[in-house]
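Participant: Sequence:
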Amino acid sequence: MEEVIEQLREANEPVPVPLELPDEDLLVEIEEELFINIPFVFKEFLLTVSDVVYGSLEPVTVTDPQSHTYLPEVAANAWDAGVPRDLIPLCQDGENYYCVEEDGTVVLWDAEEEGIGEDSWESVWHWARDVWLES
Numbered sequence: 001m002e003e004v005i006e007q008l009r010e011a012n013e014p015v016p017v018p019l020e021l022p023d024e025d026l027l028v029e030i031e032e033e034l035f036i037n038i039p040f041v042f043k044e045f046l047l048t049v050s051d052v053v054y055g056s057l058e059p060v061t062v063t064d065p066q067s068h069t070y071l072p073e074v075a076a077n078a079w080d081a082g083v084p085r086d087l088i089p090l091c092q093d094g095e096n097y098y099c100v101e102e103d104g105t106v107v108l109w110d111a112e113e114e115g116i117g118e119d120s121w122e123s124v125w126h127w128a129r130d131v132w133l134e135s
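Mapping the sequence shown onto my numbering, position 64 (from 1) lands on 64, and the numbers just tick up by one.
Just so you know, these hints were derived from the structure itself, not from any lab.
Please note: incorrect hints may appear among the correct ones.
As the list claims (entries may be wrong) - If you anchor each label on the Cβ, the simulated ranges turn out as follows:
#, residue 1, residue 2, range
1, A11, F35, 32 to 38 angstroms
2, E31, E134, 25 to 31 angstroms
3, G115, R9, 18 to 24 angstroms
4, N12, D130, 27 to 33 angstroms
5, S120, P16, 20 to 26 angstroms
6, D103, E29, 33 to 39 angstroms
7, P84, D64, 34 to 40 angstroms
8, F35, D110, 22 to 28 angstroms
9, P18, S56, 15 to 21 angstroms
10, G82, E10, 33 to 39 angstroms
11, F35, D64, 18 to 24 angstroms
12, S56, F35, 28 to 34 angstroms
13, G55, G117, 29 to 35 angstroms
14, F35, E134, 17 to 23 angstroms
Idealized CB from N, CA, C, for every residue including glycine.
Using the sequences plus the hints, can you model the full thing?
Facilitator: See the structure below:
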C-alpha cells in the first residue's frame, strides 16, 4: 500500500484547482447519504490518494459536490445504469464501472454484459497499481 501511495504521489499531475483530501467525518456523511458502509480499505484510499490526478482514469472523489467524480453522483449514475446497489463505484471507465465489493475486492461491472466481468483485484491498492497507474 505505501509503495502504491508513493507511486501515485510521484505521478500526480498538477492541476489549476487541486482536489482536497477528505477527513473521517466527511466519509461518515457520504456513507449516510449513500445508505452504505464504505469498506475500510476503500476509506483508506479516499483519505490518502483521492486528490491524485493521473492518467486517463478518474477515480471517485468526495470533497467537491460539483465534481463529475463526486462519489454520490457517480454512485447514483452507476446504480441507475444497472450496477448492483451493494457495489460502490470506484471509477467510471466509459460505460463500465470499477466497483468495490463489501470485502474490499474491486470488480469491473461491464455495461454491455450488464454484469460483473471476470477481472477482479484483491483491493483498491491492487487496482490502483495494476489499472490506474497503467492508464
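Participant: Are the hints correct? Go through all of them and say.
Facilitator: Hints and how they fare:
no. : hint                           : verdict
1   : A11 x F35: 32 to 38 angstroms  : 34 angstroms, holds
2   : E31 x E134: 25 to 31 angstroms : 30 angstroms, holds
3   : G115 x R9: 18 to 24 angstroms  : 35 angstroms, violated
4   : N12 x D130: 27 to 33 angstroms : 18 angstroms, violated
5   : S120 x P16: 20 to 26 angstroms : 35 angstroms, violated
6   : D103 x E29: 33 to 39 angstroms : 23 angstroms, violated
7   : P84 x D64: 34 to 40 angstroms  : 26 angstroms, violated
8   : F35 x D110: 22 to 28 angstroms : 25 angstroms, holds
9   : P18 x S56: 15 to 21 angstroms  : 19 angstroms, holds
10  : G82 x E10: 33 to 39 angstroms  : 36 angstroms, holds
11  : F35 x D64: 18 to 24 angstroms  : 21 angstroms, holds
12  : S56 x F35: 28 to 34 angstroms  : 31 angstroms, holds
13  : G55 x G117: 29 to 35 angstroms : 20 angstroms, violated
14  : F35 x E134: 17 to 23 angstroms : 33 angstroms, violated
Of the numbered hints given earlier, the model fails hints 3, 4, 5, 6, 7, 13 and 14; all others are met.
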